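**Q** Build out the structure end to end from the sequences listed, making use of the hints.
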Amino acid sequence: MASAAPTPQPGTAAATATANGGGGGPRTLGVLVEMRAAVLERVAGLLRRRGYPVRELVLGRTEEPHLARLFVVLEEGASGEQVAKNLNKLVDVRRVADLSAQPTVVRELALIKVDVTPGTRQEVLLAARVFRARVVDMGERTLTLEVSGRPEKVDALYRLLRRYGVRELVRSGPLALVRGPQST
Amino acid sequence: MATSAVQATPTGSGREVAVRIGAQVLVETLRRLGVTAIFGHPGGAALPIYDALYDARDIAHVLVRHEQVAAHAAVGYARATGRVGVCLATSGPGATNLVTGLTDAYMDSIPVVAITAQVPTAVIGRDAFQEADIIGLTLPITKHSYLVRDPADLPAALTEAFAVAASGRPGPVVVDVPRDVSQTPLAATRGEPAPSRRAGPRAPHAGQIAAAAALLRDARRPVIYAGGGVISAGASVELTRLVDQTGVPVTVTLMGKGAIDEHHPRCLGMLGMHGTVCANYAVDAADVVLAVGVRFDDRVTGRLRDFAPQARFIHIDIDPAEIGKNKPAHVPIVADARAALGALADALPDPLPLEAWWRQLEEWQARYPLRYRQGDDVIKPQFVCETLARLTGDRAVVVTDVGQHQMWAAQFCRPRAPRTFISSGGLGAMGFGFPAALGAQVARPDATVVALVGDGGFQMTMQDLITAVEWRLPVKVVVLNNGSLGMVRQWQEFFYRQRYSHVFLRNPDFARLAEVFGAQGRSVRRPDEVEAALAWMLAVPDGPCVLDVHVDPQENCLPMIPSGQSVKEMILG
Ligand SMILES: Cc1ncc(C[n+]2csc(CCOP(=O)(O)OP(=O)(O)O)c2C)c(N)n1
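Protein chains in written order, with our numbering: chain A, 17 to 200; chain B, 145 to 717.
Misleading hints may appear alongside valid ones.
[Unchecked claim] DSS-like, lysine-lysine: derived pairs with alpha carbons at most 27 Å apart: (1) B:K712 <-> B:K471; (2) A:K105 <-> B:K469; (3) B:K471 <-> A:K105; (4) B:K471 <-> A:K101.
[Unchecked claim] Derived CB-CB ranges, DEER-like: (5) B:V163 <-> A:G196: 49 to 55 Å; (6) B:H408 <-> A:R52: 44 to 50 Å; (7) A:R52 <-> B:A679: 54 to 60 Å; (8) B:P284 <-> A:V121: 31 to 37 Å; (9) A:E97 <-> B:W680: 54 to 60 Å.
Derived from the structure by calculation, the hints contain no laboratory data.
This one's a predicted model, so the numbers in the text were calculated from it and none came from an experiment.
Beta carbons: idealized from backbone N, C-alpha and C, even for Gly.
**A** Set out below in C-alpha cells:
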C-alpha cells in the first residue's frame with residue numbers, strides 16, 4: 017500500500033468530511049486498475065495534467081495479483097464526474113466508482129507521535145483509549161499511537177492531540193469497500 | 145554503433161522448426177495487421193528490426209530524413225485513409241523526434257502507432273547510450289503505450305496497439321521494443337491477445353435521440369456544429385442526409401472540414417476565430433446547437449460563456465469525457481456519430497420550418513462574404529487559395545501547414561469529401577504540412593495532393609523534399625511566401641503596436657532549392673501568372689514540385705475574433 021500524493025495536514029479544511037459522506041465533502045473515487053507498468057504514472061499524470069484538485073491518491077493491492085484498487089480523494093466541491101470519465105479512458109482502468117454515492121466501509125491508518133510530560137501522559141493515554149488507538153511506542157518524552165478508522169476519526173484524534181504537541185504524523189489515506197455483496 | 149544481431153537458426157532436432165527472432169515476429173505481425181507502409185529512420189537499437197525489414201518487400205519503408213517527418217507522415221497517411229498510420233524510430237534521439245507528431249495525433253484524435261526501438265532491457269534505466277524514457281515522455285500524449293519485455297508478447301502488444309489506436313476515440317499509441325527483445329530467437333509466441341474488453345461503438349440511447357429530435361423540432365434557429373469526429377466516424381453520409389431532410393444549417397470546424405460537401409447550400413463554412421461571419425453569427429443567435437464530434441475548442445468558442453449564449457446544446461461524442469468538459473449539454477449522446485446521426489435522421493424525416501431563419505442566414509451571407517481585393521501588382525494569398533480550389537474543383541487533397549495560409553485555405557477551399565482537407569488543428573504544429581502531404585500521397589498515390597504551406601513552416605521540414613523525390617511522390621507544394629511568420633506578424637500588428645519582433649524571414653529561393661533536390665520548381669510574383677502557374681503545377685506528372693508564390697506581405701487574415709473574446713469583438717474584413 018502506498019500513498020502517491022502527499023497527505024495534507026489533517027483536521028484543516030474538511031475535518032468532518034468522510035469518504036462516505038456524499039453532499040459537499042470530498043469525493044472518493046474507487047478505481048480498479050490493472051497492475052501494469054506505469055499505471056500509477058498514467059493515473060497521476062492524467063489527474064495533474066487536467067488540473068483536478070486531488071487531495072489523496074492511495075493504491076492498495078487486491079484479491080487478484082494483477083489488479084489494484086486506487087482511491088482518488090478529491091478536494092471538497094470538486095465534481096467527480098469529469099474525473100471518472102477521464103479515468104475510464106485509460107486502457108488499464110477496469111472500473112471507476114464514485115464511492116461517495118454509496119454505502120461503504122472506509123478505513124485509514126495513522127501513526128501519531130505525541131509529546132508527553134509526566135503531567136500529560138495520563139491524558140494522552142485516556143484519549144488513546146477513548147479513540148481505541150493502540151500505543152505502539154512509549155518513551156520518556158513521546159508516545160506513539162496507532163489509530164485506524166474512518167478518516168474523520170483520525171482527524172478528531174489529531175485535533176485532540178495537537179494541544180500536547182504532535183511531533184510527527186503519518187496517514188495512509190483511505191481504503192474503502194462497498195458494503196454488501198456488490199463489488200467496489 | 146555496434147550490433148550483434150542474432151541470426152535465425154534452425155534447431156537441429158530432426159524436423160525443421162523455424163526459429164524466428166523478435167524483429168521477424170514484429171514484421172510478420174505488422175504484415176498480418178495489413179500494414180503496407182512505414183515511415184521511419186534506423187539506428188543502433190532498431191537494427192534488428194531494420195534487418196527484418198530487409199526481407200519485407202511487401203512493406204514499403206519510407207526512409208525519412210527526420211523522425212518528426214515520420215510521425216507527421218503517419219498522421220497524413222491515417223487522415224487521408226482512416227487507416228492506422230505507422231512510424232518507426234530508433235531509441236533515444238530517434239524516439240524523441242517523434243514527440244511533436246505524436247502530440248499532434250493526440251490532439252486531433254488520429255490513429256497512429258509509433259514503434260520505437262529501446263536500449264536492451266539489461267541497461268534500461270542506467271542512462272545507457274541513446275536511452276530515452278519514451279514511455280514516460282509520451283504518457284501525456286498517447287492513448288496508451290507498451291514496453292515489450294518478452295518477444296513472445298510482441299504479436300499481442302502490436303495487435304492491441306492497433307486496436308487501441310483505431311477504436312473509440314482514435315489516437316496515438318507507442319510500442320517500445322528493446323533491442324534484445326527484437327534479437328531474441330523464440331519458438332512460440334503467446335498467441336493472440338484476448339479480445340478487447342472495451343465494447344465497440346456505442347449505440348445511441350433511444351430516449352436521448354428522442355429528446356434531441358424534440359429539441360430540434362421545436363427549434364427556430366438551430367445550427368449543426370460538426371467536427372473531426374464526423375470524419376473519423378465515417379458519418380458524412382448520415383450528416384448530409386440529416387441536413388437534406390431537415391434543412392438545418394451546418395457549420396464545420398477546421399477538423400470538420402469535408403465532413404459535408406462544403407458546396408452544399410446548407411453549409412455555412414467554418415466557424416470560430418477565422419470562420420465566416422455568417423457561421424459565427426448563426427451560432428451566436430442559435431436556440432439549439434447540435435454539436436457532433438467536436439470538443440468546444442477555444443479557437444472555436446472564444447470566451448466560453450458567450451458562445452451560443454441562447455442555445456440549448458445537443459452533444460454527440462464517442463468520448464464521454466468530452467461531454468460537459470467545456471460546455472454542459474442539455475442532451476448528451478455518447479455514441480458513434482454515424483449511428484447517432486442516422487438515428488436522428490430517422491427521427492426527423494421532414495423539413496423543419498426554418499424559412500425565417502434561412503432568410504436571416506442568407507442576409508448575413510450576402511452582407512458579409514469572405515472578401516479580398518486582388519489588384520494588378522501584388523498577389524493576394526486568398527486569390528491563390530481560391531484559384532487552387534477552382535482549378536481542382538475542390539477535389540484535391542489539400543494539406544496545410546500552420547499560420548495565415550492555413551486559415552485562408554480553410555476559408556477558401558471548400559472540400560467536397562471527407563479526408564480531403566488535412567490540417568494540424570489542436571496542436572497547430574508548424575512543419576506539419578509538407579510531411580503530412582507526403583504521407584497522404586503514399587496512402588493515395590493516384591490522388592492530387594497539394595501541400596499549402598507558409599515560408600516559415602515549410603523550412604521546418606522541407607529537407608524531406610528529397611524523400612518525395614526519391615519515391616517520386618507527386619506532392620505539389622505551394623509556398624505562400626510573405627517573407628514573414630505571417631500569423632505572428634498579424635498578431636504583433638494588432639495586439640503589440642506593430643512591434644515586429646523577430647518575424648521577418650530571409651528565405652532561400654524555394655524554386656531553385658526544389659531543383660537542387662531534384663524536384664521541379666517555379667516562382668510567381670504577379671497576379672496574372674498565378675492561374676497558369678497553378679495549372680502547370682497540377683499538370684506535373686511525376687515527382688514533387690514547388691511553387692513559390694510571392695504574396696502580399698501586409699495581408700491579414702480576416703475576419704478574426706481575438707483570442708478569448710466573443711463574436712461581438714469580431715474584426716471584420
Ligand atoms: C512548431 C511551431 N512553432 C511556432 C509556432 C507559432 N506560430 C504559429 S503561426 C506562425 C507563423 C507561421 O508563419 P509561416 O509558416 O510563414 O506561415 P504564414 O502565417 O505566413 O502563412 C508561428 C511562428 C507554431 N505554430 N508551431
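**Q** Does each hint fit the structure? Answer for all of them.
**A** Evaluated hints:
{"no.": "1", "hint": "B:K712 <-> B:K471", "in the structure": "holds (20 Å)"}
{"no.": "2", "hint": "A:K105 <-> B:K469", "in the structure": "holds (14 Å)"}
{"no.": "3", "hint": "B:K471 <-> A:K105", "in the structure": "holds (20 Å)"}
{"no.": "4", "hint": "B:K471 <-> A:K101", "in the structure": "holds (15 Å)"}
{"no.": "5", "hint": "B:V163 <-> A:G196: 49 to 55 Å", "in the structure": "holds (54 Å)"}
{"no.": "6", "hint": "B:H408 <-> A:R52: 44 to 50 Å", "in the structure": "holds (47 Å)"}
{"no.": "7", "hint": "A:R52 <-> B:A679: 54 to 60 Å", "in the structure": "holds (56 Å)"}
{"no.": "8", "hint": "B:P284 <-> A:V121: 31 to 37 Å", "in the structure": "holds (35 Å)"}
{"no.": "9", "hint": "A:E97 <-> B:W680: 54 to 60 Å", "in the structure": "holds (57 Å)"}
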